[in-house]
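Based on the provided sequences and hints, a complete structural model is requested.
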Amino acid sequence: MTRKGKRITVIAGGAMFLTAAASLTVYALGQRASYFFMPTELQAAQLDPGQRIRLGGLVETGTIKHGASTDVFFSVTDNERSVPVSFHGILPDLFREGQGVITEGTLGADGVFVADSVLAKHDETYMPKEVADGLKAKGVWKAE
Amino acid sequence: MSVEAGHFALVLAFALALIQSTVPLLGTRWNDRRMMAASGPVAITGFVLTLIAFAALTLAYAQSDFSLQNVYENSHSLKPMIFKLSGVWGNHEGSMLLWVLILTLFGAAVAAFGENLPPSLKANVLAVQGMIGAAFFLFILVTSNPFARLDPAPIEGQDLNPVLQDIGLAIHPPLLYLGYVGFSVCFSFAVAALIEGRIDAAWARWVRPWTLAAWVFLTGGIAMGSYWAYYELGWGGFWFWDPVENASFMPWLAGTALLHSALVMEKRSALKVWTILLAILTFSLSLLGTFLVRSGVLTSVHAFATDPTRGVFILGILSVFVGGSLALFAFRASALTTGGLFHPISREGSLVLNNLFLTTATATVLIGTLYPLALEAVTGTKISVGAPFFNLTFGLIIFPLLLLVPFGTMLAWKRGDALAAAQRLLGAAALALGAMLVTGLVSEPRSIFAVVGIGIGVWLLAGVATDLALRAGLPRAGFGTALHRVAGLPRSAIGTMLAHAGLGVTVLGLVGALAFGREAVVAVKPGEQVAVGAYTMRFEGLSSEPGPNFSSRIARFSLLDAAGSPHATIASAKRFYPVRRMPTTEAGIRTMWLGQLYVSIGEERADGALVVHAWWKPLVTLIWGGALLMMAGGTLSLLDRRLRVGAPSRRARPVAAPVPAE
Amino acid sequence: MVFWFIAALLTLGASLAVLLPLSSRAEADETDAAYDIQVYRDQLAEVDRDLARGTISAGDAAEAKAEIGRRILRVDQEAKAEKGFARFRASRLVAAAAVLFVPVFSWGVYAAVGSPDLPSEPLEARLTKPPAQSSVDELVARAERQLRANPEDGKGWETIAPVYLRLDRFEQAETAFEQSIRLLGPNSSRELGLAEAMVGAARGQISEEARAAYQRVLALDPRNARAQFRLATASLQAGRSDEAAAGWNAMLQTLPQGSPWRDAAQQALGALQQPARPGPTQQDIAAAETMSAADRGQMVEGMVASLDQKLSEQPNDLDGWLRLVRSYAVLGRSSDAGAALQRANVALKGNADAERQLALLAQSLNLLVAQP
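Residue numbers (the working numbering), protein chains in the order written: chain A, 16 to 159; chain B, 42 to 703; chain C, 2 to 373.
No wet-lab data here; the hints were simulated from the structure.
One should not assume that every hint holds.
Pairwise CB distance ranges, derived in the manner of DEER restraints [unchecked claim]:
hint, chain 1, residue 1, chain 2, residue 2, range
1, A, A35, B, P121, 49 to 55 Å
2, C, A239, A, D86, 39 to 45 Å
3, C, R149, B, P607, 32 to 38 Å
4, C, N151, A, V129, 53 to 59 Å
5, B, G649, A, S132, 24 to 30 Å
Idealized CB from N, CA, C, for every residue including glycine.
Dropping the structure here:
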């Protein structure tokens, strides 16, 4: 192969790799990113079965119930609608009634959101940013 | 008195940073040696003044001087001394002071140890370093002054965020900053070279120790941070692809690429433009990390309490330095001469591939981290890009790189022989395939990830072993000669092998913890048992114990042996810090061989049962053990005598020195 | 004074760091190229070592050395092109300006951001200075420290307990009274303090435990007016207004004319018979008892809002402001509490007593007042 030919091969190889990496990234962003919903938005959302999403809002007061073993049930609300959530595991330290929370998982056919992770930040004044924005937009939560 | 003296010292350091960023630069323009030489003493004095400021703040923390707003907001008189001290950088203002302290430390180090640098390069490097310093001193004094006072002084402080009251956090930020900020030296070298318009192979030699040092510290900082999150958050995970973690990981990836491309530049005078660009990008990513963590655009476990004005200010600094240096780059890069040529299949070629993979991986992490922010800004849609995205993209891109590492080290400079390299690696490949086969047959559950992961780990380690054996002249040379030759290898060669072996070890740790880990979530009453993996624990009960500034509920578990009798205990606790009204989790961890049994407790239920989450994570310690190996490798390379080329001197100019006994 | 001395010393040091190198004699130094060549010499030596070690072939070594040799040649050419050292008059000007800049700039900036007359206040020193110079908070902190070291010191608990009560730190007051009772035995004033602390902590609600404590006070001191009054209030809170009226009537009979508690009892009786008064009436309170938690929260919020409104119109009301700030703090709305505090400070500016009380309240609530 000539020197020029070699150079073209190398450049073509690099370009192919970069194209592959770029399309992989775009694909993964489409498939693996999870959308964030507040309970009211969830009502209108078109979800594929089994699609992972994040559901945020406040833990509705009086809805925390412990089931068999380590199952926990509670509702996440944006003060307009609330969505029942089931979770199996240890709740974060700062999980409390009325606190902002983000859960991640899938929405079951029965309307119960099956969460595999529950996030509440390690801070007493913390309101997850998405939840705060969402509640502000609804006028439910006053910015301090 | 000491407080205000510290405050004054900080202002003085700002003044000196302004001098440092102008006078030496004019000196190189006018070719005035004295003005260039001024950069050294000014940089060292600036560091001493910043150190005084930092010491004053530390003293105020140690003495619980609540007349400082910063101490009042982040400390408490009952806190143990170690956390009073680490509290200095457990908050935004104090950590910024640490940031500039380390920046000036690196400037002073260049001034003190850079006697082998050409005077004009040294002056320019220190001038750029001074500019970065001046920008951040201004930032601190205007938006985040740790010396703001309260009058009258409150009698008690508000305590440090309990999650941060941990020995891991005492060490993690300083290490991380040493890494982040260490790359500022590479940046300054790059910009200085662009200002001068003269870049050659020697430049790469001069930057190498600084790149290595920053890389070693950043490796340590990231590993420490990961271990901290692992045992303090109680989630059992060690890496969350959290934006703040990514912010430290991106400079690490780019810095690793820089380390490799600078090697080509030093050896062959090639890849000059690319190396300069990487040096600029690496520090830019460090600055981006600083911006992301402190501006409030991100929410993360690690993010500091934030303030929009600070964000805007750092964004300003970021755009000035990144934009300015890239503009200079665009302006000057074309003037740089190209260096030595090489065949695609050669050591240079493999290092180019390494750079291609590493920078692409950096780019995917950057995209994954910034995409949600951009999308929200543009369309208002909120998405989260987490582990599923990064595991797929980063994993797939880094996989071929790991495969190629042993090949690269086998190839000769300039023209390599791929076939010969493959032949030499036959043994290593057989070993790796064997390990994959065994994993596939024995492991339960069987997963592709486990098989491939174990294969890669073994392949990397076997590759290093092959490299070592070949350099020792095995199998032809006798064992004694081989040993002698290994002892005679340059330290940087051994360092490379250690770092690559560390990579293999970390891969094994990741696979062990992720593919072979077991977990169990159960609610237990005292006397009941928790089984996870091959281990059984008995829950002995809960007790309350007071701590200095917290109270804790401690759950004790007895580890039962095969016969059912206890032979060890694990204590897992929940702490409550009354000042901040915050609970924290203290996971109970027991290391057994290379794996760890990890127990985290949840709420106590009304029926007296305790929710327990237990994990068995085989090989997990290797993740951090590998990082330690990488650090050791980097340090060893740093100690290589070749990095200590002396300054030229008229009095005794040594002719090419004879081979010293190394 | 010491500060100014240190500041001057630091300034001197910093100025010298600029001055000395700029005024030193320029040494006839090596050219930049010499430094490059030094590196390349080392690279040559390295190739030799590699060759000796057998890691590279003789051919490769020769090639590498030739390449390094070319680098040396190029650098040498550049070195010849390098211009000699110059020294313009401008650089002398720059030197003078730089040396002057350091003190002028730093003292100027420090004057703007620093507070040179505020001393450091290490906690240890604050807690060991003579009590006469200490603030109430410092005295309390000092007593707390002693009690931590020696929690069995009944006298200590006895001393600090009423101070807590006065500072409205009810939970701590409760603990302190409990400890003093445990260590020194019950007497009427300790039991009374305990009960008052419980009521304070419960924001005026008299719990069963508090009631029991008041009864113990009466057992020890049957004529204690405060305990009598509170027990009657407790009956009212429990909805037994006849019993309450009976209690207050009894006080009217036993207490001498002019006793403040007699007046209080009279007022309470009046209020009982004629409940239409502004503010939370007895019915309001009674209604609050039966409301759901959420409704009660709403009612409380409503009352606080109307107080806030009132203070906006008539700001010259210290008690009102204190109540508003405390209410916000109790409701957990700390930023509102801070804002109210700030408004109060503005409204009552110049009233030294009011400012002091507001500052005390701020400290006891751990509120941070933004410096104006």
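Comparing the hints with the structure gives:
no.: 1; hint: A35(A) / P121(B): 49 to 55 Å; result: holds, 53 Å
no.: 2; hint: A239(C) / D86(A): 39 to 45 Å; result: holds, 41 Å
no.: 3; hint: R149(C) / P607(B): 32 to 38 Å; result: holds, 36 Å
no.: 4; hint: N151(C) / V129(A): 53 to 59 Å; result: holds, 55 Å
no.: 5; hint: G649(B) / S132(A): 24 to 30 Å; result: holds, 27 Å
No hint from the list above goes unmet by this structure.
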